[in-house]
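In case you want the letters, here they are:
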Amino acid sequence: MSVDSIPANREFAKQIEITFPILSDFKRTVVKAYGVFNEEQGFGNRATFLIDKEGIIRHIDEGNVAIDPTSVVDACNVLQHKKTATP
Amino acid sequence: MHKRLLMSLVLLAVLSVVALAQQTPPVKTHLKVGDPAPDFTLRATDGKSYKLSDFKGKKNVVLAIYVLAFTGG
Chain A
112 MSVDSIPANR EFAKQIEITF PILSDFKRTV VKAYGVFNEE QGFGNRATFL
162 IDKEGIIRHI DEGNVAIDPT SVVDACNVLQ HKKTATP
Chain B
52 MHKRLLMSLV LLAVLSVVAL AQQTPPVKTH LKVGDPAPDF TLRATDGKSY
102 KLSDFKGKKN VVLAIYVLAF TGG
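In order, the protein sequence lines correspond to chains A and B.
Sequential numbering of the first sequence, starting at 112, is according to our numbering.
Sequential numbering of the second sequence, starting at 52, is according to our numbering.
A hint or two may mislead.
[What the hints assert, rightly or not] Heads up, simulated DSSO-like pairs for lysine-lysine below, C-alpha to C-alpha not over 30 Å straight-line:
1. B:K102 - A:K143
2. B:K110 - A:K125
3. B:K99 - A:K164
4. A:K143 - B:K107
5. A:K125 - B:K102
6. B:K54 - A:K125
7. A:K143 - A:K164
8. B:K107 - A:K138
9. A:K138 - A:K125
10. B:K99 - A:K138
11. B:K99 - A:K143
12. A:K125 - B:K83
13. A:K193 - A:K164
14. B:K83 - A:K164
15. A:K138 - B:K54
16. B:K102 - A:K193
17. B:K54 - A:K143
18. B:K79 - A:K143
19. A:K143 - B:K109
20. B:K109 - A:K138
21. B:K79 - B:K54
22. B:K54 - B:K83
23. A:K193 - B:K79
24. B:K110 - A:K138
25. A:K164 - B:K54
26. B:K99 - A:K125
27. B:K83 - B:K107
28. A:K164 - A:K138
29. B:K54 - A:K193
30. A:K164 - B:K102
31. B:K102 - A:K138
32. A:K164 - B:K110
[As the list claims (entries may be wrong)] Derived CB-CB ranges, DEER-like:
33. A:E122 - B:R55: 42 to 52 Å
34. B:R55 - A:V176: 25 to 35 Å
35. A:T181 - B:L56: 40 to 50 Å
[Stated by the list, open to error] So, partial list: chain A residues that the calculated Cβ filter (under 7 Å) puts toward chain B:
36. I117
37. I129
38. P132
39. Y145
40. D163
Please keep in mind that the hints were generated in silico from the structure rather than gathered at the bench.
Quantities reported herein were computed from a predicted structural model and do not represent experimental measurements.
Note that the Cβ used here is the ideal one computed from N, Cα and C, for glycine as well.
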């Protein structure tokens, strides 16, 4: 998800050849709700939130840490493991 | 000659201040692990709308907020 318009995101997706849909938070409502809106620059700071099936936040990466997906992938694996451990 | 050196130094100082001002100030989210994720509905590049709470009870969701070249970051 980014604060760019849908056409800008489509162009971005085309450039880097990704096929999954990208969400567009053009009105900045979601970045504000998640507390990552950079007012000075007018866009959302880089961040990754892992939200479990119950809608609870289980992991947060912010800033440059969020470039590397390793920690959120690990957190996903922990969640998956929990799911199989408690059927 | 002396004046030119002084001018160069002033220019360098101005450019340094501009460069510092362009650095992204740290924005920390108020949300914490264990908090309920704020619900939202957003349109995507495929033309469909996605609502976070539609995934409740079905799937874990990774919400990745990124900065594009288009947004200058």
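Against the structure, the hints:
The straight-line distance between the Cα atoms of K102 (chain B) and K143 (chain A) is roughly 17 Å, inside the 30 Å bound, and the hint therefore holds. Taken as a hint, the K110 (chain B) and K125 (chain A) pair is honoured in the structure, with Cα atoms around 27 Å apart against an allowance of 30 Å. Under the criterion of a C-alpha separation no larger than 30 Å, the hint pairing K99 (chain B) with K164 (chain A) is consistent with the structure, at around 21 Å. For the proposed pair K143 (chain A) and K107 (chain B), the alpha carbon gap of about 22 Å is at most 30 Å, so the pair holds.
The hinted pair formed by K125 (chain A) and K102 (chain B) meets the criterion: a straight-line CA distance of about 24 Å does not exceed 30 Å. The hinted pair formed by K54 (chain B) and K125 (chain A) fails the criterion: a straight-line CA distance of about 52 Å is larger than 30 Å. Restraint check for K143 (chain A) and K164 (chain A): the C-alpha separation of about 22 Å stays at or below 30 Å, so the hint holds. Only pairs whose Cα atoms come within 30 Å are accepted, and K107 (chain B) paired with K138 (chain A) is accepted, the gap being roughly 24 Å.
A C-alpha spacing of about 23 Å is found between K138 (chain A) and K125 (chain A), which places the hinted pair at or below 30 Å, so the restraint holds. Using a Cα cut-off of 30 Å, the hinted pair K99 (chain B) and K138 (chain A) holds, with the two alpha carbons roughly 17 Å apart. Using a Cα cut-off of 30 Å, the hinted pair K99 (chain B) and K143 (chain A) holds, with the two alpha carbons roughly 22 Å apart. Simply put, K125 (chain A) and K83 (chain B) have alpha-carbon atoms about 34 Å apart, too far for the 30 Å limit, and the pair is violated.
Of the supplied pair hints, the one linking K193 (chain A) and K164 (chain A) holds, its CA atoms being roughly 12 Å apart against a limit of 30 Å. Of the supplied pair hints, the one linking K83 (chain B) and K164 (chain A) holds, its CA atoms being roughly 17 Å apart against a limit of 30 Å. As the CA atoms of K138 (chain A) and K54 (chain B) are separated by approximately 50 Å, the hinted pair breaks the 30 Å bound. Taking the CA atoms of K102 (chain B) and K193 (chain A), the gap is near 25 Å; set against the 30 Å cutoff, the hint holds.
Of the pairs offered as hints, the one joining K54 (chain B) and K143 (chain A) is violated, with about 49 Å between alpha carbons and a cut-off of 30 Å exceeded. Taken as a hint, the K79 (chain B) and K143 (chain A) pair is honoured in the structure, with Cα atoms around 11 Å apart against an allowance of 30 Å. A hinted pair counts as satisfied when its Cα atoms are at most 30 Å apart, and K143 (chain A) with K109 (chain B) qualifies at roughly 26 Å. For the given pair, K109 (chain B) sits about 27 Å from K138 (chain A) by alpha-carbon distance, which is consistent with the 30 Å threshold.
Note on K79 (chain B) and K54 (chain B): the hinted pairing is violated, with a Cα-Cα distance of about 45 Å set against a maximum of 30 Å. Proposed proximity of K54 (chain B) and K83 (chain B) is contradicted: the alpha carbons are some 55 Å apart, above 30 Å. Simply put, K193 (chain A) and K79 (chain B) have alpha-carbon atoms about 29 Å apart, close enough for the 30 Å limit, and the pair holds. A C-alpha spacing of about 26 Å is found between K110 (chain B) and K138 (chain A), which places the hinted pair at or below 30 Å, so the restraint holds.
As the CA atoms of K164 (chain A) and K54 (chain B) are separated by approximately 67 Å, the hinted pair breaks the 30 Å bound. Restraint check for K99 (chain B) and K125 (chain A): satisfied, since their Cα atoms lie roughly 18 Å apart, inside the 30 Å limit. Of the pairs offered as hints, the one joining K83 (chain B) and K107 (chain B) holds, with about 19 Å between alpha carbons and a cut-off of 30 Å not exceeded. The suggested pairing of K164 (chain A) with K138 (chain A) holds, with an alpha-carbon distance near 26 Å, which does not exceed 30 Å.
Restraint check for K54 (chain B) and K193 (chain A): not satisfied, since their Cα atoms lie roughly 70 Å apart, outside the 30 Å limit. Straight-line distance between C-alpha atoms of K164 (chain A) and K102 (chain B) comes to about 13 Å, which keeps the hinted pair within the 30 Å bound. Restraint check: the Cα-Cα separation between K102 (chain B) and K138 (chain A) comes to about 16 Å, which is no more than 30 Å; the hinted pair holds. Between K164 (chain A) and K110 (chain B) the alpha-carbon distance is near 5 Å, which keeps this suggested pair within the 30 Å criterion.
Roughly 45 Å separates the CB atoms of E122 (chain A) and R55 (chain B), a value that falls within the hinted 42 to 52 Å. Between R55 (chain B) and V176 (chain A) the beta carbons are some 45 Å apart, a value that contradicts the proposed interval 25 to 35 Å. Taken as a hint, the range 40 to 50 Å holds for the pair T181 (chain A) and L56 (chain B), whose Cβ atoms sit roughly 49 Å apart. At a threshold of 7 Å, the smallest CB-CB gap from I117 (chain A) to chain B is about 6 Å, leaving the interface hint in force.
Look at I129 (chain A): its Cβ only gets to about 9 Å from chain B, farther than 7 Å, so that hint breaks. For P132 (chain A), the shortest C-beta to C-beta distance to chain B is roughly 4 Å, which falls under 7 Å, so the interface hint holds. A least Cβ separation of about 6 Å between Y145 (chain A) and chain B falls short of the 7 Å threshold, and the interface hint therefore holds. The interface hint given for D163 (chain A) holds, since its Cβ lies 5 Å from the closest Cβ of chain B, which is under the 7 Å cut-off.
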